[in-house]
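Model the full structure from these sequences, guided by the hints.
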Amino acid sequence: MSTDRLFTWKNPWFAASVGVVGAMAVLSLIMGFVVLPYATTSSQLTSLWDAICSAAGVPRATVTSETAKPDFTTSNVVMNSQMFAPDARSVGRGATLAMQCAICHGSNRQGQVDTPNLEGQPGSAVYKQLRDFKVAARTNAIMSPFAVKLSEQDMLDLAAYYSYLPRQSGPHSDATAAAPQIVARGAPMRNVAACSSCHGTTDAKLGTPWLEGQSAVYIKAQLQAFATGARRNDISEQMRNIARQMTAAEIDEAARYYASRP
Amino acid sequence: MLNSKRLVLAHFWLAFAVFGLALLLGEWQMFVRSPLNPWISNSELYYRSVTAHGSAMGYVFPTLIAMGFGYAITEFALKKPLIGRRWAWAGLALVAVGAVTAMIPVSLGLASILYTFYPPMIGNPFYYIGVVLVVVGSWIWVALMSINMAAWKRENPGKPVPLAMFANVAGAYLWGWTAVGAAIEVIVLILPVALGLKTTIDAGLSRVFFSWTLHAIVYFWLMPTYIAYYTIFPRAIGGRLYSDAMARIAFILFVVVAMPIGVHHLFADPQVGAGFKFIQSVFTALVALPTLVTIFTICASAELAGRLRGGKGPFGWIAALPWGNPMMLAVTFSFVMLGFGGAGGLINMSYQLDASIHNTQWITGHFHLIFAGAIVIMYFAIAYDLWPHLTGRSLDSVRLMKVQLWLWFVGMIVTTFPWHYVGILGMPRRMASYDYANPAIAPQALSVSISVFGGLLLVISACLFFAVLIRGHRAAQTDPGEYRFSVAVHEPVRIPVALNGFALWLTLMIGLTVVNYGYPIAQLLALKGNAVPAVYVGAAR
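Chains as they are written, first to last, in the numbering used here: chain Z, 1 to 262; chain C, 1 to 541.
Please note that the accuracy of each hint is not assured.
Cross-link-like lysine-lysine pairs, in silico, DSS-like; alpha carbons within 27 angstroms at most [unchecked claim]:
hint : chain 1 : residue 1 : chain 2 : residue 2
1    : C       : K402      : C       : K5
2    : Z       : K10       : C       : K159
3    : C       : K153      : C       : K80
4    : Z       : K10       : C       : K153
5    : C       : K159      : C       : K80
6    : C       : K198      : Z       : K205
7    : C       : K79       : C       : K153
8    : C       : K528      : C       : K198
Bear in mind the hints are in silico, worked out from the structure with no lab data behind them.
Put into structure tokens, the structure is as follows:
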């Protein structure tokens, strides 16, 4: 029998296998594309073709209505991690520009308590805040006038310079302090993600600053500003949603813990 | 008669060395995310380890076993030297070089993306290049298996291809086609982004291509196990294979329907239409058929052996089986784990039931029970069976073998049953730490702790496994005689042309792939604007 022709309907193996597989395919196509779409109670199908298209996953027009526009400027920063590849010339230009920053942000962590330390911050974090200050998505009486003058390249240069500098330990660092619950694990029952899941240690997300060694006063002030809505340049309200759900005690704990980190 | 002893031994030893290292990583992962360990603050280390464990266990270990076993089968079953032995060494070298190339960036924390790649996460390009080299190395094996069978058929026109070789080539063809999905994903979609030529990637399309590979890869891992069920087990327990034709049909069914069903891994993904999810769910149900056929045929073969050994009555034959034989133990344990794992699999493949366990620890428990349990325990048994023929020395530590198999079985049950249970409680997978102090999660703490000890049993079992093999290398030389595969009750003399080759079955496999995957892939290719920014793992942020 081995000399028999295989690809012919006269061969029972061919006929049976192609027939069974084909029949199963056709039956399941009918079930999946006609019967089941009509079986869903929520279906708003207009025709048989509509049912087939919906089961095939063809993108369909959704209801379009006016989207509510906020009455304030929102952040419009778009970044990817390749924007912040190391570049020595950019660092050099950034160093010159940064002379005007040092008056408040200091150097060697000697800035004012109500300003963040910038040395060693990820480039994406520096760049995003500068962009937001420039377009007034974030405002500050002192900072905004500085940012308005900066060009796109200036901001990238500053980002390159600060991310190039090494991080330095704060004045009261204590490496032994245990991470409080809110930092390590957040508060899942209140939909609060762990601080460390974006701000370093567990994971670092593009555009988030590191918090270790920042002044407790600054961290607390920013969390409260997010909670009250005074600061709203966070994309999709991610920090506002978190800060609103944090208790005053948790804000204190997180601020004190991060301030004490080396 | 085995001319390629060193070739086969090299495959097996490299496979088991990779397995031993990856097993230790697995146990470490179980420990650090259990309540026995306080918070692992740097979760990147955990994901680094998961990537290494998964890549080694998923891509390197079973591939090398299938390749080495395939070369052994070719010479044992066809009774002639392997054609293309130099190419086989080249394939092994590619797999070895690929494994090292992939593992260096993983160890450095530059590719902590898990072995399933998960775009838009993008790791170091060398990780992907290494994986591609492993696959290319295995494709050499696919080609060699096909060439060797074709050459034998030319020399023996009209004769049935020996079952072991037929099944072996089925596995090779299945893998050849299965690996195409991930290869397209890596080469066309991911590598340009990893190399910095693009900064966006269509994550949905990538996942569809990966699903092409992701399900059938398990059947590729399964093939050596099924070959051992059919062609080694009946002989090892002193019986005969119940049906040669049923065996061929089971392997053919795997070739046809194991691959075009991967979308059931995407039940929760929005980019594939519900209709295609339903069709693939139906065909996934069909793939239970070859396993059911196998369980029937192998149990029938065991009954024959039991009755030949004097077993009487409806159950007397079970007691008469050679329970002291490691192969008997291994197949029994494998079947028990396959039974539980298969039952779990039926839940996963159901569109509705899957919703309750999708992306929970249930899934991790499921594939460990099937792969690390039912499949790997047979890899051990295959090694025990082949070793005397590879080394020319007898394996005398039968007691140690039995303890090893028992420990692996018990360890795997203790590891995976609690794992399934916490999945039902809702514990998500792919997480480095859990807050067991949280009242919602606290009930999972005991189960997770238990499975850590199950993992410990597995590590001990692996140590015993290595001890048995190493003692085998130091034993006195002996002549193991000719290697024999099982003989069927009715030995095939002439068989239908359909059961002696793959032309029809490969056509059906590709046809079914076009029906099940053609539209979803074409649609995603045609859609504009669905690429998302890549997230470079390990890059400065």
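Taking the hints in turn, this is what the structure says about them:
The hinted pair formed by K402(C) and K5(C) meets the criterion: a straight-line CA distance of about 26 angstroms does not exceed 27 angstroms. Simply put, K10(Z) and K159(C) have alpha-carbon atoms about 22 angstroms apart, close enough for the 27 angstroms limit, and the pair holds. For a cut-off of 27 angstroms, the pair hint linking K153(C) to K80(C) stands: about 12 angstroms separates their Cα positions. With a C-alpha separation of about 24 angstroms, the suggested pairing of K10(Z) with K153(C) holds against the 27 angstroms cut-off.
The straight-line distance between the Cα atoms of K159(C) and K80(C) is roughly 16 angstroms, inside the 27 angstroms bound, and the hint therefore holds. About 20 angstroms separates the Cα atoms of K198(C) and K205(Z), which keeps this hinted pair within 27 angstroms; it holds. For the hint linking K79(C) to K153(C), the alpha-carbon distance of about 13 angstroms falls within 27 angstroms, and the restraint holds. Of the pairs offered as hints, the one joining K528(C) and K198(C) holds, with about 16 angstroms between alpha carbons and a cut-off of 27 angstroms not exceeded.
Consistency with the previously given hints is maintained throughout, with no hint failing.
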